[in-house]
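Keeping their order, the protein sequence lines are chains A and B. The numbers in the first sequence follow my numbering, run straight up by one, and end at 349. The numbers in the second sequence follow my numbering, run straight up by one, and end at 326.
To be clear, the hints were calculated from the coordinates, so they are not data collected in a lab. A quick note: this is a predicted structure, and the numbers were derived from the prediction, not measured. C-beta atoms are modelled at their ideal positions from N, C-alpha and C, and glycine is treated no differently. Be careful, since some hints might not be right.
[Unchecked claim] Simulated DEER-style distance windows between Cβ atoms:
no., chain 1, residue 1, chain 2, residue 2, range
1, B, L293, A, S188, 37 to 47 Å
2, B, V18, A, A141, 44 to 54 Å
3, A, A207, B, N288, 41 to 51 Å
[Unchecked claim] Subject to a maximum C-alpha distance of 25 Å in a straight line, what follows is the list of computed BS3-like cross-link-like pairs (lysine-lysine):
no., chain 1, residue 1, chain 2, residue 2
4, A, K90, B, K205
5, B, K205, A, K98
6, B, K7, A, K98
7, A, K153, A, K142
8, A, K102, B, K7
9, B, K122, A, K102
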Amino acid sequence: MTMTATNEGTRRPGEPNRVVLRVAGLDVDIRTPSGEIRAVSGTGFVARAGQTLALLGESGCGKSMTAKAIAGLLDPVAHVSGGTVELDGKDLNRMSAKERRKVAGAELGIVFQDALTVLNPVYPVGVQLGEAFRIHRGLSAKAARKEAIALMKRVGIPEPESRVDAFPHQFSGGMRQRILIAMAVALSPKLLIADEPTTALDVTVQAQIMDLLRRLRQEENMAVVLITHDLAVVAEEADDVSVMYAGTVAEQGPVEQVFATPRHPYTKGLLESVPVDAERGSNLSSIPGSPPELKNIPAGCVYQDRCPLARELCRQERPVLREVAPGQQAACHFSELLATDETLEEIKS
Amino acid sequence: MLTYLRKRIVSSALPLVVVIVGVFALARLTGNPASLYLPLNATDQMRADFAARNGLDQPLLAQMADYFGGVLQLDFGTSLRTGESAAAMALRAFPATLQLAATTMVLAIVLAVIVGSWAALKPNGVADRISSFISMAAASIPDFWLAIVGIWVFAITLGWVPTSGVAGAAAWVLPIGTLVMRPFGALVQVVRGAMVSALAEPYIKLARSKGASQSRVVTRHALRNAAAPALTVAGDLTVGLVNGAVVVETIFGWPGIGKLMIDSILQRDFAVLQACVLLTALAIFVLNIVIDLLYALLDPRVRPASAASRRAKARQAAVPVQSAPA
Numbered sequence: 001m002t003m004t005a006t007n008e009g010t011r012r013p014g015e016p017n018r019v020v021l022r023v024a025g026l027d028v029d030i031r032t033p034s035g036e037i038r039a040v041s042g043t044g045f046v047a048r049a050g051q052t053l054a055l056l057g058e059s060g061c062g063k064s065m066t067a068k069a070i071a072g073l074l075d076p077v078a079h080v081s082g083g084t085v086e087l088d089g090k091d092l093n094r095m096s097a098k099e100r101r102k103v104a105g106a107e108l109g110i111v112f113q114d115a116l117t118v119l120n121p122v123y124p125v126g127v128q129l130g131e132a133f134r135i136h137r138g139l140s141a142k143a144a145r146k147e148a149i150a151l152m153k154r155v156g157i158p159e160p161e162s163r164v165d166a167f168p169h170q171f172s173g174g175m176r177q178r179i180l181i182a183m184a185v186a187l188s189p190k191l192l193i194a195d196e197p198t199t200a201l202d203v204t205v206q207a208q209i210m211d212l213l214r215r216l217r218q219e220e221n222m223a224v225v226l227i228t229h230d231l232a233v234v235a236e237e238a239d240d241v242s243v244m245y246a247g248t249v250a251e252q253g254p255v256e257q258v259f260a261t262p263r264h265p266y267t268k269g270l271l272e273s274v275p276v277d278a279e280r281g282s283n284l285s286s287i288p289g290s291p292p293e294l295k296n297i298p299a300g301c302v303y304q305d306r307c308p309l310a311r312e313l314c315r316q317e318r319p320v321l322r323e324v325a326p327g328q329q330a331a332c333h334f335s336e337l338l339a340t341d342e343t344l345e346e347i348k349s
Numbered sequence: 001m002l003t004y005l006r007k008r009i010v011s012s013a014l015p016l017v018v019v020i021v022g023v024f025a026l027a028r029l030t031g032n033p034a035s036l037y038l039p040l041n042a043t044d045q046m047r048a049d050f051a052a053r054n055g056l057d058q059p060l061l062a063q064m065a066d067y068f069g070g071v072l073q074l075d076f077g078t079s080l081r082t083g084e085s086a087a088a089m090a091l092r093a094f095p096a097t098l099q100l101a102a103t104t105m106v107l108a109i110v111l112a113v114i115v116g117s118w119a120a121l122k123p124n125g126v127a128d129r130i131s132s133f134i135s136m137a138a139a140s141i142p143d144f145w146l147a148i149v150g151i152w153v154f155a156i157t158l159g160w161v162p163t164s165g166v167a168g169a170a171a172w173v174l175p176i177g178t179l180v181m182r183p184f185g186a187l188v189q190v191v192r193g194a195m196v197s198a199l200a201e202p203y204i205k206l207a208r209s210k211g212a213s214q215s216r217v218v219t220r221h222a223l224r225n226a227a228a229p230a231l232t233v234a235g236d237l238t239v240g241l242v243n244g245a246v247v248v249e250t251i252f253g254w255p256g257i258g259k260l261m262i263d264s265i266l267q268r269d270f271a272v273l274q275a276c277v278l279l280t281a282l283a284i285f286v287l288n289i290v291i292d293l294l295y296a297l298l299d300p301r302v303r304p305a306s307a308a309s310r311r312a313k314a315r316q317a318a319v320p321v322q323s324a325p326a
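Only chain A is shown next, with the shape it has when bound in the complex (with noise of 0.2 Å):
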């Protein structure tokens, strides 16, 4: 992990850009009947403050993992087995359990992708949202109620005053993530996760909420962790980006100068699947295969069965992060032969 050490963490807290969260060498294994698995491996990433960190990947690549591993919300099969997770310059991982009970919610909030499932069935909106400044601020049950009406009118409900006391059940998808949404940024937290955030959405309702994820970002200074795999969400969103890989991180830096010269043959391959100004009736380009299982990780470079540039030297050696271009990082033997214009293909001939 080539992250390099700078002093942004110990500059004034408030003023943009100071680091929130720094995650280094972060590896998550899961217990199975056939052993443990390492389901995250050496991640790392930094969040600022006013700025939005994209985690994009496929689907099972750890992005969702690693988020939960931040949040201390990791199923009890998995758990944290190294690196650091530093929220302010304070190590979560060292924490007791009740002192990360002090932070969650506080100063972390997270975002969780299927706000049916996910807000509790027989709870009032109302009391789900006052439960923080009940829990940090002690409040009275008619004091939270207050915070809970005035938390609604923030996310754009309509008439909070007579909905609060209304179920999940009776709200749509999209109101139930903007009560999501308020409930994770209820007590003003440094750093806010958002977990697929719009994926259970219509599309209309989708801009709708990413607008006002970017609002409150930007009200309350948060640091914003978005778990995505929609490269338009990123290219729109987000600042900097981190593509995750089978676990590990493949390339990251800031989202225009990553998404214009990708250094990763992953990311590239990413961005070449996208049919833009495809000519009706033409091939539309892919990548082939599929992630490996965690369970049968190569030795080598995790991505070396799909990558069209994959020689020797990947079956051998895994690559790490390395400084490719300033701010840009990536995890490839051969990152310098992406520093042109040309696709995969014509690379690789």
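Use these hints to put chain B onto chain A, whose structure you have.
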């Protein structure tokens, strides 16, 4: 709400009639009351008089028609044994059973929630195994055996509690201790299962993400969701308690409806038996309605929309959903 009640009453009327017809016929299979109430050397004339006096000389169908005619006028017949109104006897015995059953169920539910939740926190952990053993044992031991062993150990050998009767708090210990076992054992299993699945639900993660403590997660979030399935089973178990009450009340001389029922069968006191069965069936009917209402209270998704929320919804539909103010 009223529609619901009306529907329930209509749909329960037929089963009640069937129950009465069945009991009416079965009771008469136990034999002729005359052979119990008249001296052994009674003459045929005395027997005929007895039958005529009590309407037992009529054909069975005529007796039944007569009985239902009476029931419609709230006349449930008189006891052969005491000449008292059968309904009055059943109603007098009922509170004793109700007290016994209610105390037993409350105790069973409280204990089962504690033990079941404790077991669910770590599936297949030590606590889970211990509770699984205890609950299996509790649900499987026959109550008559438990009652007799209980009397032998606690009443006779140790002398801590009386062998029977209702005098004082100590008299409650053995009947309740016996009756509570089966519902407790069964409920532990249900609560454990419901809690294991509730604790795996995504809303538990949401609660934890807000910094909720373990006890808050378990009691507020998981238990409240696990309560609905547990309630359904608790209702069935309460119905089953009637069976247990017959045995336990007889053994411990508890003057409840179970004992009255057994006595009426032994004495061929048909009217009292029928009144007891009818009253028990009615109690079960009321219990089921109460459970339905509690269910709606616990799970808002099965609650019919109240007028107020319907109005709110209509208003909601009229207002176009605006996006967040920028």
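**Those earlier numbered hints the structure runs against, lowest number first** = 6, 8
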